[in-house]
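Enquirer: For this one, chain F is given, so just place chain G on it according to the hints.
Protein chains: 2
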Amino acid sequence: MYKCSLERMSDKIKTFSQFGDAGHGGITRYSLSPEAKMARAEFIKRMKAIGAEIEYDDLANIYATLPGTDPNAKRIIAGSHCDSVKNGGNYDGILGVMSAMEALETIADQKIPHKHPMTAYIMTNEEGSLYPPAMMVSGILCNDYLPPELAKNFKYEDMMAVPAMEEHEGSEKTFGEALEKSGYKGDKANRMSPETCLCNFEAHIEQGPILEDNDKEIGVVDCVLGMFNYSLIFTGFAAHAGTFPMNKRHDALYAASQALCYLHDEVDKLGRPELVYTTGEIYCHPCVHTVIPDRVEFSLDVRHTDPAVLQQVMDIVKEIATKKWAGCDCEIRENWKRDTVEWNKDLVSYVQEAADETGVSNQPIHSGAGHDSQFINYMIPSTMIFVQTKDGLSHCEPEYAKPEHCTDGATVLLNAMLKADERFEG
Amino acid sequence: MYKCSLERMSDKIKTFSQFGDAGHGGITRYSLSPEAKMARAEFIKRMKAIGAEIEYDDLANIYATLPGTDPNAKRIIAGSHCDSVKNGGNYDGILGVMSAMEALETIADQKIPHKHPMTAYIMTNEEGSLYPPAMMVSGILCNDYLPPELAKNFKYEDMMAVPAMEEHEGSEKTFGEALEKSGYKGDKANRMSPETCLCNFEAHIEQGPILEDNDKEIGVVDCVLGMFNYSLIFTGFAAHAGTFPMNKRHDALYAASQALCYLHDEVDKLGRPELVYTTGEIYCHPCVHTVIPDRVEFSLDVRHTDPAVLQQVMDIVKEIATKKWAGCDCEIRENWKRDTVEWNKDLVSYVQEAADETGVSNQPIHSGAGHDSQFINYMIPSTMIFVQTKDGLSHCEPEYAKPEHCTDGATVLLNAMLKADERFEG
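Chains F and G supply the protein sequences, listed in that same order. Take the first sequence: its position 168, counted from the start at 1, is 168 in UniProt numbering, and no numbers get skipped. Take the second sequence: its position 303, counted from the start at 1, is 303 in UniProt numbering, and no numbers get skipped.
Hints are computed from structural coordinates only; laboratory data are not their basis. Any given hint could turn out to be false.
Which copy? The list can't say, so a pair holds if one copy fits it or any two copies do.
Below, a list of computed lysine-lysine pairs in the BS3-like style, where the Cα atoms sit at most 25 Å apart [claimed, not checked]:
| # | residue 1 | residue 2 |
| --- | --- | --- |
| 1 | 181 | 37 |
| 2 | 269 | 185 |
| 3 | 14 | 318 |
| 4 | 115 | 3 |
| 5 | 269 | 181 |
| 6 | 269 | 324 |
| 7 | 248 | 269 |
| 8 | 318 | 337 |
| 9 | 345 | 419 |
| 10 | 248 | 323 |
| 11 | 402 | 248 |
| 12 | 74 | 390 |
| 13 | 248 | 390 |
| 14 | 323 | 111 |
| 15 | 188 | 45 |
| 16 | 152 | 188 |
Pulled out of the complex, with its shape left as it was, chain F reads as follows (with noise of 0.2 Å):
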């Protein structure tokens, strides 16, 4: 067993606070943006120093690679992504990228043997906070492995279109534009592939509560759960607020409200604990506050590992769908849902060995988030890691993990990628 150090990686955890620091405690580092070029510069200086080899692909996704034993051998990579949302934690993506670092630089430290390459990546845009959707990238890269309902979305030619969401410094026109002028275009040969890599780690904070309700440094993660994403859309008509009676109003908040309470209800009688379901956008026309409304519509997250689950939800989405709220109609609208991702079973037992191994406290875990691993694991067999994370906060300047937990989740994804090292077969 190997074990990271606390120094050298809590000197990786300030020094890439400050690519984006906005002052609060946290950072807006849209991918590209002169923010995340420091970071990727910081990135090459170090794996640089430790004799890695550094490799562009044309999406600039950077790979940085320690040659093992066997030059015949496919590569172990592990990383994440180097963007964040704006105003976010200096945690979120960036933890993965220093942990692959960590232990590739304890690898050259402590000069660990290894028979297969072991690359530490970035990937690009994870957020897409600057140019959407999320996991944008990962999305074109394994685009011929996902599922087609997934991989529509993800159409390189689309991609290269999407337009910036907002303006920043040194932001383009669109993704592709961007992209050209990243100065991390390189060679779509760089890929990572299943050609030439045998597995793939991610490490990432929780996100959540649950490791440290249950006072556990590491999850081991098994899945991300499968989720889908609908609007419910209320339709009556808009009137005066003064002089228009209550009894012949259709109002479309009202309609809205009852059905939220209503879905509440319905759900919770479903009595599944590890459901998570969110309402999390509400818009309203006109949104005068002398004119009742005549459309609002409000957005619904839904995430299980069970399908029978999610359908369940759905079918009191769908009864909702079929009544009269207020007065107003009601239509519902699919945005996107997503299968449960397992992964990798042997994957996840080296991650599980490791932690016990190294005397890091865990426990198994879903990831009820998205991360890019999730699109990688349909091409190379992937698994991630994940740190407790302070009061389950994330996406938010107060986001944060310890760096003795960092530190213990780069030993277990160290130790994790040298038992693939000697025993994964893919």
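Expert: Structure of chain G alone, referenced to chain F:
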């Protein structure tokens, strides 16, 4: 009894509907915009044609006056505004202007004798669509007469500095600049005032379905409903939709939805069919489909003639603020409130008599909407006449009133003005 001309009224409706026509059957005619200036020019052209004297005051209000036989008599004034909301209709506001024009044209045409000067006016910026708030100019004009809690919202200096809500052809940075550049800024001494004006009438579309439901052409308005406007603000905390267990959530949108339904339940228990209350606006933060909302705010507009009933609703709102909703706190904010404004009973009786004597079907009605005349009434005795509105629709392009009803409204206005000319003593 005198009758107005259907032909002349129809011609005015058709002509004024062109100024700001956006091609969908209604108009966008912001105050002091090029479109509003076309309407103002048409008003002046037609009023000059009957020999009326034209004056502007320093707020760009226009007055067209036919002299009476008594050189010392105060003016009897009638009018409304010529501006609209965005994609509004061809009647709200301008109908009151056209009705006053029609009354003066009938006086001139039929050489109807009258003691007092008769004035038709256009009031600037009632809608406040480009330069908020609504009823801005009557608020400035009547400032010395308004209750202090109303007056403070309409201070001259503050209003001049109000910035344009959007860029529109001919829009200026502030309302003050728009006034300066309007070409209609005249003398402050020309403002309507109790020294120069005996009484004030305003004809307007009903903007509700009551007259149509009761098959009445005209509403004899007795008051403008008292109202209050509150915001209800729910605060929980944000977390990731996929990673945060349901039982630890404090979801501000679920909280707001529960409270909105509770509000309906409790207010409906009061059993007041004339009470109207509206939750027209809702704002959600951060309003991202993968994030549990941490802050949701909705507006509440409540209107009724009886302050005791308004107080009952206020008590329910205050009770809501003492409770936890889905684990979230609720705070409330009073935005404004207005007392019920009772029209001058003599003037109301003239409208009633004029309608009965001219055979125009009518009923008493309250005004649920706010109008410039409710501010003017603090300074000059006022009343209003409502004209049946198709389907109760207003502030939208399908807004419609039959030309026959509009003409009968002008007839009632004319005869009520003549009764005031004979009998009103202030």
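Enquirer: Can you give me the call for residue 323 and residue 111, within, between, both or neither, at a CA distance of at most 25 Å?
Expert: neither (67 Å within a copy, 62 Å between copies)
Enquirer: Reference check for the pair residue 152 and residue 188, CA-CA at most 25 Å: within, between, both, or neither?
Expert: within (20 Å within a copy, 67 Å between copies)
Enquirer: Are the CA atoms of residue 115 and residue 3 at most 25 Å apart within a copy, between copies, both, or neither?
Expert: Classified as within; 19 Å inside a copy, 103 Å across copies.
Enquirer: Is it within, between, both or neither when you check residue 269 against residue 185 at 25 Å Cα-Cα?
Expert: Result: close neither inside a copy nor across copies, 51 Å intra and 66 Å inter.
Enquirer: Under a CA distance limit of 25 Å, which applies to residue 269 and residue 181: within one copy, between copies, both, or neither?
Expert: neither (53 Å within a copy, 64 Å between copies)
Enquirer: Is it within a copy, between copies, both, or neither that the alpha carbon of residue 345 lies no farther than 25 Å from that of residue 419?
Expert: For residue 345 and residue 419, only the intra-copy Cα distance (13 Å) is at most 25 Å; the inter-copy one is 93 Å.
Enquirer: For the identical chains here, do residue 14 and residue 318 meet the 25 Å Cα criterion within one copy, between copies, both, or neither?
Expert: neither (49 Å within a copy, 48 Å between copies)
Enquirer: From the Cα coordinates, with 25 Å as the cut-off, is the pair residue 402 and residue 248 best called within, between, both, or neither?
Expert: between (58 Å within a copy, 22 Å between copies)
Enquirer: At most 25 Å between alpha carbons: which applies to residue 188 and residue 45, within, between, both or neither?
Expert: Result: close within a single copy only, 23 Å intra versus 73 Å inter.
Enquirer: If the cutoff is 25 Å on CA atoms, where do residue 181 and residue 37 land: within, between, both or neither? Let me know, please.
Expert: Intra 12 Å, inter 50 Å, cutoff 25 Å: intra-copy only.
Enquirer: Using 25 Å as the alpha-carbon threshold, which applies to residue 269 and residue 324: within, between, both, or neither?
Expert: So residue 269 and residue 324 pass the 25 Å test inside a copy (22 Å) and across (22 Å) alike.
Enquirer: Could you figure out if residue 74 and residue 390 sit no more than 25 Å apart (CA to CA) within one copy, between two copies, both or neither?
Expert: Neither way: residue 74 and residue 390 sit 37 Å apart in one copy and 75 Å across, limit 25 Å.
Hint compliance for this structure: hints 2, 3, 5, 12, 14 are not met, and every other hint is.
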